[in-house]
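Participant: Here are the chains, one letter per residue:
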Amino acid sequence: MRALQIIRSGFVMNLKMLGTSSFFLVTSTVQPVIFATIAFYMFRSGGQAGTLLYASLGAGMMGVWSTTLFASGGMVQWQRWQGTLELGAAAPPPLALVYLPFSLANSFTGMYALAATIVWGRLVFGVPLHFAHPWLFVLSLPVTVVGLGLMGLVLASTFVLYRYANALSNLLEYPVWIASGLIFSTSLLPVWTRPISWALPPYWGVHAIRNAALGGPVWGPLGMVVVLSAASLAISAFTFRWFEHAARARATLSLT
Amino acid sequence: MKRWFSIFFVGGVIAYRGLFNWIRPAMYIPTMLGSPLFQLIFFTKLGQYAHAESRNFYIVGNSVQVCAMSSVYGMTMAVANERWFGTLGPLLASPANRAAVFLGRGVPVLANGLLVSAFTFGIGVVLLGFRPPLHAVPALALVVVVTAASCTAFGMLLGSIGLRAKDFWFAANTAYFLMLLFCGVNIPLADLPGWMSFIGRCLPLTHGIEAARRVSAGGSLGSVGGLVGAELLVAACYALAAFALFRVLERESRRSAMLDAY
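Those sequence lines, one after another, are chains W and Z. FYI, the working numbering numbers position 155 of the first sequence as 155, with every residue one higher than the one before it. FYI, the working numbering numbers position 112 of the second sequence as 112, with every residue one higher than the one before it.
Everything labelled a hint here was simulated from the structure, so no lab data went into it. Just so you know, not all the hints are guaranteed correct.
What the hints assert, rightly or not - Computed Cβ-Cβ distance ranges for the label pairs, DEER-style: (1) Z/ALA244 / W/PRO128: 45 to 51 Å; (2) W/VAL119 / Z/TRP195: 18 to 24 Å; (3) W/TRP81 / Z/SER6: 30 to 36 Å; (4) W/ALA231 / Z/PHE5: 56 to 62 Å; (5) W/TRP81 / Z/PHE5: 47 to 53 Å; (6) W/TRP135 / Z/VAL126: 46 to 52 Å; (7) W/PHE131 / Z/ILE23: 23 to 29 Å; (8) Z/ALA93 / W/ARG8: 46 to 52 Å; (9) Z/LYS166 / W/ALA231: 36 to 42 Å; (10) Z/ILE23 / W/LEU87: 27 to 33 Å; (11) W/TRP192 / Z/LEU142: 35 to 41 Å; (12) Z/ALA190 / W/TRP135: 23 to 29 Å.
Think of the CB as a built atom: it goes at the ideal place given N, C-alpha and C, for glycine as much as any other residue.
Taking the hints into account, I'd like the entire structure generated from these sequences.
Facilitator: Following this line, the structure appears as structure tokens:
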């Protein structure tokens with residue numbers, strides 16, 4: 001019961017904090033719209049106008065990942081700068097539970113990206129919004145977003161130990177877009193990258209969302225998102241504990 | 001004059017070392033080298049998937065464009081961080097020549113932009129099979145220098161905004177991503193609506209990227225003289241506008257006692 005209370009209050013508080021940040025306004029709405037526009041023109045130029053919804057969903061998911069990534073890195077770093085990271089670490093609940101609602105709120109904010117690119121695509125490029133399985137689309141969206149949030153939680157745990165968290169955030173944006181095949185097929189990548197793609201929740205999430213929208217199997221990819229999300233949660237519980245202990249032992253928790 | 005150059009060069013380097021947040025290898029390598037590398041791969045693969053343009057189109061476009069990462073963010077930090085770190089007051093209280101103080105900050109940023117572009121071109125050669133004719137390399141290098149200078153001037157303008165704006169990262173991020181859309185980096189200007197290509201032509205990068213594409217396809221430097229000249233003109237306009245804005249905002253900040261306030 002107390003855990004649910006922590007999740008609820010942390011979720012609401014972080015949503016409010018993100019809602020006042022112009023940086024996240026750019027990351028979660030303006031940036032995805034720019035990338036969606038680039039993708040629309042590129043697909044159009046290649047004579048593949050029928051794939052505009054594909055591009056729209058992909059660009060939206062890119063925005064969800066960017067928001068999750070920068071917010072997950074940022075939440076630890078900002079708390080470090082504000083001197084509140086130690087308070088979270090000293091509080092009785094496990095650190096993973098303290099940051100779980102933050103991470104979920106981050107990815108939830110990322111959903112603005114998907115909404116923005118779909119609306120933008122519809123209004124400006126006339127992208128037809130005919131979903132093959134509308135209800136499965138509605139289901140696969142939050143499942144995928146939660147999956148990304150939990151993946152962000154794993155990353156956030158490393159940021160407890162790593163002082164240059166924003167460097168990792170800057171680095172990991174494009175690689176996950178590429179390896180997850182958010183906007184182009186991973187078949188263009190070398191074969192050795194396949195296992196990396198399979199281990200990423202957004203790879204299965206975008207498959208589920210895309211298949212729900214354009215047609216294709218949804219339950220299989222969605223099941224994989226759930227499995228990988230559970231794995232992410234388990235890993236983050238372990239890594240948070242480990243990295244928190246290491247940071248305390250080295251007295252680096254609050255070093256900026 | 002000697003003092004002017006001293007402030008220009010030495011001051012510029014000191015400011016860069018003190019204010020550029022990403023100077024440590026742990027930050028620099030992932031941000032300034034890792035991110036451009038993956039940006040290049042991303043857009044090249046996206047172009048391949050969309051059957052839009054040739055591979056070289058994306059390699060040249062993105063390899064030139066990534067110099068804007070140093071220019072836009074570097075210059076924003078070089079000016080706006082003075083305020084953030086609380087050193088703007090002492091700096092502006094000094095009698096140092098403002099043009100030397102301001103323009104000198106652009107030199108290390110420009111050098112860094114060239115390094116990032118060169119690295120990304122190198123990745124294009126090693127990983128993506130980019131093979132420009134050898135005789136085109138000096139001309140390509142010159143075009144990149146001019147384009148990086150133009151981007152640095154644009155970064156100066158954004159940095160000046162940081163003297164007063166509360167959230168200068170908002171402007172820097174928006175500008176950087178809009179350059180990807182408007183400057184013909186991944187979409188030929190001919191494919192964009194007229195108003196977008198017009199804005200693109202008023203921005204840095206656009207003429208430089210077009211010149212770089214022609215040169216890397218075997219064109220001579222003389223054949224892209226007009227484009228290089230246009231890029232230089234854009235650079236001069238932004239540098240002048242940036243310096244004028246810097247002086248106006250400096251005066252306004254003093255007048256309204258808002259120098260270090262947020």
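Participant: Does the Cβ distance between W/TRP81 and Z/SER6 fall inside 30 to 36 Å?
Facilitator: holds, 35 Å
Participant: So does W/TRP81 sit 47 to 53 Å from Z/PHE5, Cβ to Cβ?
Facilitator: Because 37 Å falls outside the window, the suggested range is violated.
Participant: Taking the CB of W/VAL119 and the CB of Z/TRP195, does the distance hold inside 18 to 24 Å?
Facilitator: At 21 Å between Cβs, range holds.
Participant: Taking the beta carbons of W/TRP135 and Z/VAL126, is their distance inside 46 to 52 Å?
Facilitator: The hint (46 to 52 Å, Cβ to Cβ) holds, given that W/TRP135 and Z/VAL126 are roughly 48 Å apart.
Participant: Can you tell me whether the CB distance of W/TRP192 to Z/LEU142 sits inside 35 to 41 Å?
Facilitator: The hinted range 35 to 41 Å holds for W/TRP192 and Z/LEU142, with Cβ atoms some 39 Å apart.
Participant: Evaluate the given range 36 to 42 Å for the C-beta pair formed by Z/LYS166 and W/ALA231.
Facilitator: For Z/LYS166 and W/ALA231 the Cβ distance comes to about 41 Å; the hint holds.
Participant: Between the beta carbons of Z/ALA190 and W/TRP135, is the distance compatible with 23 to 29 Å?
Facilitator: violated, 42 Å
Participant: If I claimed the Cβ atoms of Z/ALA244 and W/PRO128 lie 45 to 51 Å apart, would that claim hold in this structure?
Facilitator: At 48 Å between Cβs, range holds.
Participant: Determine whether the Cβ-Cβ distance between Z/ILE23 and W/LEU87 falls within the hinted range of 27 to 33 Å.
Facilitator: With Cβ atoms ~31 Å apart, the hint holds.
Participant: Could one say that the CB atoms of W/PHE131 and Z/ILE23 fall in the range 23 to 29 Å?
Facilitator: Between W/PHE131 and Z/ILE23, where Cβ atoms are some 48 Å apart, the hint is violated.
Participant: Is the hinted range of 46 to 52 Å satisfied by the C-beta distance from Z/ALA93 to W/ARG8?
Facilitator: Given a distance of about 51 Å, which is inside 46 to 52 Å, the answer is holds.
Participant: Using the C-beta atoms of W/ALA231 and Z/PHE5, is the stated range 56 to 62 Å upheld?
Facilitator: holds, 60 Å
The earlier numbered hints that this structure contradicts are 5, 7, 12.
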